[in-house]
Structures are given as structure tokens and as C-alpha cells.
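A.B. asks: What follows is each chain in one-letter form.
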Amino acid sequence: MAAQALADAAVRAGHHAQAFPYFGAERRGAPVQAFARIDSRKIRVKSQVYEPDLVVVLDASLFELEPVTEGLKEGGRLAVNTPLRPEELEIGEGTEAVTATADATAIALQTLKVPIVNTAMLGVLCRVQDLVPIETVMEAVQERFGEKLGAIAGRANASSAWKAYDGAVVGVASGKRRIARAKEWRPAWHEMPAGTSLPSATIDGVEVGPGSARTNLTGEWRWSTPFYKKDRCIRCLRCWWSCPDAAIDRLDDDYMRWNFDYCKGCGICADICPVSAIDMIKGVHRW
Amino acid sequence: MTSVRSPVAGLRNVSREDMLVHGHGACPGCGYAVTARNIAKVLGPQTVVYVPASCLTVFSATYPKSAWRIPFLYTAFENTGAIITGLKAAYRRRGIEANVVGMAGDGGSFDIGLQALSGAAERNEDVIYVCLDNEAYMNTGIQRSSATPFGAWTTTTPAGLEIQGNRRFKKDLAAIVAQHDVPYVATLSVAHFTDFVKKVEKAKSMSGFRFLHCLTPCIPGWRIEPSRGVSIDRLAVETGMWTLYEVEHGVPRVTYRPRKMLPVTEYLGLQGRFKHISEEDVRTLQSWLCRKWKAHYGEEVEEPPCVIARKDEGLGHDGDPLHGL
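Here the protein sequences line up with chains F and C, keeping their order. When you read off a place in the first sequence, starting at 1, and then add 527, the result is the number in this note's numbering. When you read off a place in the second sequence, starting at 1, and then add 105, the result is the number in this note's numbering.
If you're looking for bench data, these hints aren't it; they were derived computationally from the structure. Don't take every hint at face value.
The list that follows gives simulated cross-link-like pairs (lysine to any residue, SDA-like), each with its CA atoms no further than 20 Å apart [unchecked claim]:
id	chain 1	residue 1	chain 2	residue 2
1	F	K757	C	R117
2	C	K146	F	R741
3	F	K675	C	Q269
4	C	K146	F	M783
5	F	K809	C	Q151
6	C	K303	C	A279
7	F	K569	F	H543
8	F	K675	C	K146
9	C	K146	F	D781
10	C	K397	C	A283
11	C	K307	C	Q151
12	C	K146	C	P176
13	C	K193	C	L178
14	C	K303	C	E122
15	F	K640	C	L375
16	F	K640	C	Q376
17	C	K146	F	R777
18	F	K675	C	A264
19	F	K809	F	W750
20	C	K276	C	P357
21	F	K675	C	G246
22	C	K146	F	K757
Over 10 Å on every C-beta distance to chain F, these chain C residues come out as not near it, computed from the model [what the hints assert, rightly or not]:
id	residue
23	Y196
24	E227
25	Y361
By construction, the Cβ of each residue, glycine as well, lies at the ideal position given by its N, Cα and C atoms.
Construct all of the structure, not just a fragment, from the sequences and the given hints.
C.D. replies: This is how it looks when you write it as C-alpha cells:
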């Protein structure tokens, strides 16, 4: 929807524009892509965008998983959701780009009360491009989101974009480390003999096979953190049982310990606790 | 129901070992993950899992990574019953003792996989079939299935001006499977811990076709707060939207009976997918529930008073399937 709002803004500013999502699993936290193509002439290309001028990254942990800057043109720009400064970012070997960063998650939590960062990132994006002014983007956001989600939501999203625009830091980000594309090393289906299964192994430094999902540190998704008051705990085991991410370790004495590498902060444990021994504290903490 | 302060007895002896480990990519608060993890936990390491197309495949085992510590297989959507039949045959031929489990969603059991499920049940194959029922095709973007309850919004049953939400009542799949005269059929809820463990352990100890049907809340699909992913199952049982029972060798037995029927609005009010529901639809649903209650628990029930609590116009982000794009 943010890509649509951007295209909408581009049209308002007198350009031709397209916006479209990439079809994939529609699940929260799943990596997704959306594209916008803007030109001063009529656009006849209908393909996905392979060589972008501008990449917007809604979650900086993607730099660890996918070569997101792949195909970025010489002189291309980046907008990244991260509390870090552009100079501190690692964006993948051989790339250097003028980058705007802002802690869009914090801004979205402040303005929208939910960690949905798309409109804030439109604001950040406006700092590294000059095709569409921020005012037009805010106008488009307010109208498009307002139409779909109500006027209050429209205004809140527009102000989210403005705050991010205002607070963004611009600098040059570069990369030293190579980010391997998963497809480069894993065998295709026709290269695998029939009847084989993938064993637990490490290939090119990547863990594969049974149990290998452990290397995905899903704790990065968290935006509120459970706080455990051990003295109130009656050891009923409800939280341990109900954790979708197996992020609560049941110790030998049946008290609990949270594993913040994996806790996604859903809050089920606090909701299910019969004696309120768990509080959900806003923000990403480890204790 | 265990009293609030006492520890949950049924959970004491459950193993600390997880078969579905952390690091999978389910939404925060996913009911699917809670259920799949706990069923695998109780069944233990001598288990092999088959999952057809569903969220569970996408979040737990996208090649080459896997969150399962036990063998995992995935092929096509419609053939859970057939695949687990074949798996069991292969294990039998090789002389390996293993629990063969198929974990399909409601789409893969109610609609698309029904013929394979029925076939495997009718042949009384020695497998466990788990239906993780989140009441729509959530993985592909919340399309209606025949498990979707009356009045619920989905992207294919939108809340329009003429018709608001799904017009059909939920199909009773457990009853259909029970009619195949299989050794064991049970319905599960993740919020009823002891009951859950007992049923899965009973299924594990038996042989022949065993069917477990579990209500698994879906955070984006039901439009609920991530933290309510488990406790909403309790409300489903208390309002009669879900009933807990087992059918062992043809003998049905209610395993948990709520003391008093709660009005269905208590359950609906927490879910954005029922936000639009009209008073007339609530009445229709409530009287359908009372009929179901009587048929199930064998007693008349007085219709509880339903009050629709309307939330203020919030940010409403959850009303849009394309949020985040």
C-alpha cells in the first residue's frame, strides 16, 4: 500500500507511475517485496524491477539474509529502517550508496501505536530522492490510507511519514562483507537423487537440515519484551506450554528463563499467566 | 477446569525436549505454532511429520532449513491421507517403529484433502491425522474455507452492503471422520492443557486411524491481538463455538463441559473478523449455537444475552490484507 501511495504521489507530481507487490506468503515477518516505477514518459515495461535506482529496506535484519542491494544502479540510493547511522551499516560487499536512515519502528509506535513502518519509510525515502516532494507524499498517504482505514488513520500515517522525514539521517553506507544468495549453493531439485533427504549439516557456513532454523534469531522481530517476576511465579507451566516459539526454557526446578534470541514478544505468556508474574514492557530488552 | 492457582497437573510430565524448535518464521503469537509444537513434543522423537501446503510448511520448513528435529516431508495440497498411508507402509516394510503424523490445515482437510482423508480413515491406516483448523485459507491471504464460521469476514466473503461475511455455518469435520468408524477421534484446544496432553497421549498409545482436530487461532486472519492467541481458544469453548470431546471406538464422551454458556459476543468481540456483524446475524449464530449445545451436551440451554461491543474507530490497520506493502 505504501508503494501505491508513492506511485499516487508521483502521479500528483506530474509523472507516470506504477506500483505492484511481489506475490508470496502473506505472513507477518515474512520477507516481502513491493515495487514502484516512476518515469516522466508513459511506462510500457510491465516486469518486476531488477535494477532499482532506489531501495527501501523496512527491516535492517534483511541485510543478514538477502543481498537486498543486488542490482542497485551506480549512484543508486538507499532508505533503511534502523536506529544506526548510515556509516555504521553493512550493506553487502562492493556496494556504496547515499543512504537515509531513521528508526521508523520507534516513530510508527509513537504515531500509530503499532510497529507498521511503511508510511514512515516513505518519509525517509523522500530524503534521498527529488522526484516527489514530501508534501505530495503526505497528501497521497492521507488520502489513500484515509479512504481505506478511516480519516484518523490517514492523518496518523501522514504524520508518521513527516516525522520520519524530519528525523532521518543522510550519509554514505558501504559494504565489506559478502552476503551469499541462498540459491548460489543449494542444489536444485533435479540435482538431488530421488529418495534422499537433507541431513543436518553446515554448507558454506550455513546450517541446513533438521533443526537448522535455530540460526534464525527471531528475537529481532520483538517490539515488546516479557519481564519475569520469579517471586510471583507458581510454576504452573502455562507460559512454557503456550509459547509459539519455544523461547521459554523450563529449568530443572520448573522456574522459567526467557530466550531473548528467539522471543518475538507476542505476549501470550503475560496474557495466560494466572498470577500476573509476567509483564510486557515496550521496547526491545534483554534481561 | 483446574483452579486458577493450582499448577497444571497435565503439564508436569511433558518432556522438555522440543521437536519443533525456535527460529521458525511464524507470526508472533501464532496458534498454529503452539499446537504443532506441542503435538510434536508429546509424540516425541520417534515421529515423522507430513505437512501439505499450509503456513506450517512455509514457516517451519523452507528448504534447506527446517525447524523440525524429526523427519519432515512435504508434497502437494490434497494428499495428506495418501502420503501418510505410504509413509507408514514404508516404515512397516523397513521394520521401523514410528508415529506417522499428517498435519494439515482446515483447507487441506475440510475441502481439498477430504477425499484422501476419507480414504485413509476408511482403510483404518495406522497413522495420526491432525487437522489444525484456523477457519480459512490463511497462508494464501485469508480466503473462506468450509471451516469458516457464520458471519466471519474473509477476503472472499467480505463485509459488503448486501451480504456481510460468510453465510454458511462451519462444517463438522470431526463428526464426518467419526462416521468412518475409526478407533479414535478427538477435538483439542490449546487453552485446555491437561485435556490436550491426555488426548495426544491417548492417540499415541493407540493404533489404527486417529484423528485430532484442533482449533488454532490465526493472528492476522482472525484480526486478534497476538497475545490472545491461546486464551481465545478458551472463550471459543466457553461460548460453544468449539466443543471438546472424543470418540473412542464409536463411543462419544464429552471431556470438558463449560459450567455456563457465555454469550457468543464475548468471543466475537475480540476478533476483527466479526467487527461488522449485525445484531440479526448474532441472533442467528447464537440460536444455532444453542441448538448445537443441546445436541452436544444433551441439555437445553437458555440463550445468553448478547451485547455487541463496538470498538471506537481506531487506526484500523488490521482491516487491510495488504498492510505493510
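A.B. asks: Hints first: check each against the structure and report whether it holds.
C.D. replies: Each hint tested on the structure:
Annotation: proposed proximity of F/K757 to C/R117 holds, straight-line Cα distance about 18 Å (limit 20 Å). With a C-alpha separation of about 17 Å, the suggested pairing of C/K146 with F/R741 holds against the 20 Å cut-off. A hinted pair counts as satisfied when its Cα atoms are at most 20 Å apart, and F/K675 with C/Q269 qualifies at roughly 17 Å. Taken as a hint, the C/K146 and F/M783 pair is honoured in the structure, with Cα atoms around 18 Å apart against an allowance of 20 Å.
For the hint linking F/K809 to C/Q151, the alpha-carbon distance of about 40 Å lies beyond 20 Å, and the restraint is violated. As the CA atoms of C/K303 and C/A279 are separated by approximately 18 Å, the hinted pair is consistent with the 20 Å bound. As the CA atoms of F/K569 and F/H543 are separated by approximately 6 Å, the hinted pair is consistent with the 20 Å bound. Taking the CA atoms of F/K675 and C/K146, the gap is about 43 Å. The hint is violated against a cut of 20 Å.
Using a Cα cut-off of 20 Å, the hinted pair C/K146 and F/D781 holds, with the two alpha carbons roughly 17 Å apart. Our distance criterion of 20 Å between C-alpha atoms is met by C/K397 and C/A283, whose separation comes to about 17 Å. Of the pairs offered as hints, the one joining C/K307 and C/Q151 holds, with about 16 Å between alpha carbons and a cut-off of 20 Å not exceeded. A distance of roughly 14 Å separates the Cα atoms of C/K146 and C/P176; the hinted pair therefore holds under the 20 Å criterion.
Among the hinted pairs, C/K193 with C/L178 is consistent with the structure: their alpha-carbon atoms are about 13 Å apart, no more than 20 Å. Of the supplied pair hints, the one linking C/K303 and C/E122 holds, its CA atoms being roughly 18 Å apart against a limit of 20 Å. This hinted pair checks out: F/K640 and C/L375 have alpha carbons roughly 18 Å apart, not beyond 20 Å. Restraint check for F/K640 and C/Q376: the C-alpha separation of about 18 Å stays at or below 20 Å, so the hint holds.
Taking the CA atoms of C/K146 and F/R777, the gap is about 14 Å. The hint holds against a cut of 20 Å. Annotation: proposed proximity of F/K675 to C/A264 holds, straight-line Cα distance about 14 Å (limit 20 Å). As the CA atoms of F/K809 and F/W750 are separated by approximately 6 Å, the hinted pair is consistent with the 20 Å bound. Taken as a hint, the C/K276 and C/P357 pair is honoured in the structure, with Cα atoms around 18 Å apart against an allowance of 20 Å.
Restraint check for F/K675 and C/G246: the C-alpha separation of about 18 Å stays at or below 20 Å, so the hint holds. Between C/K146 and F/K757 the alpha-carbon distance is near 25 Å, which puts this suggested pair outside the 20 Å criterion. Chain F leaves C/Y196 outside its interface by the beta-carbon criterion, the shortest separation being 14 Å against a cut-off of 10 Å. No beta-carbon of chain F is positioned within 10 Å of the beta-carbon of C/E227; the least distance is around 29 Å.
With a minimum CB-CB distance of about 16 Å to chain F, C/Y361 clears the 10 Å threshold, and the non-interface call stands.
Hints 5, 8 and 22 from the list above are not met by this structure, while the remaining hints are.
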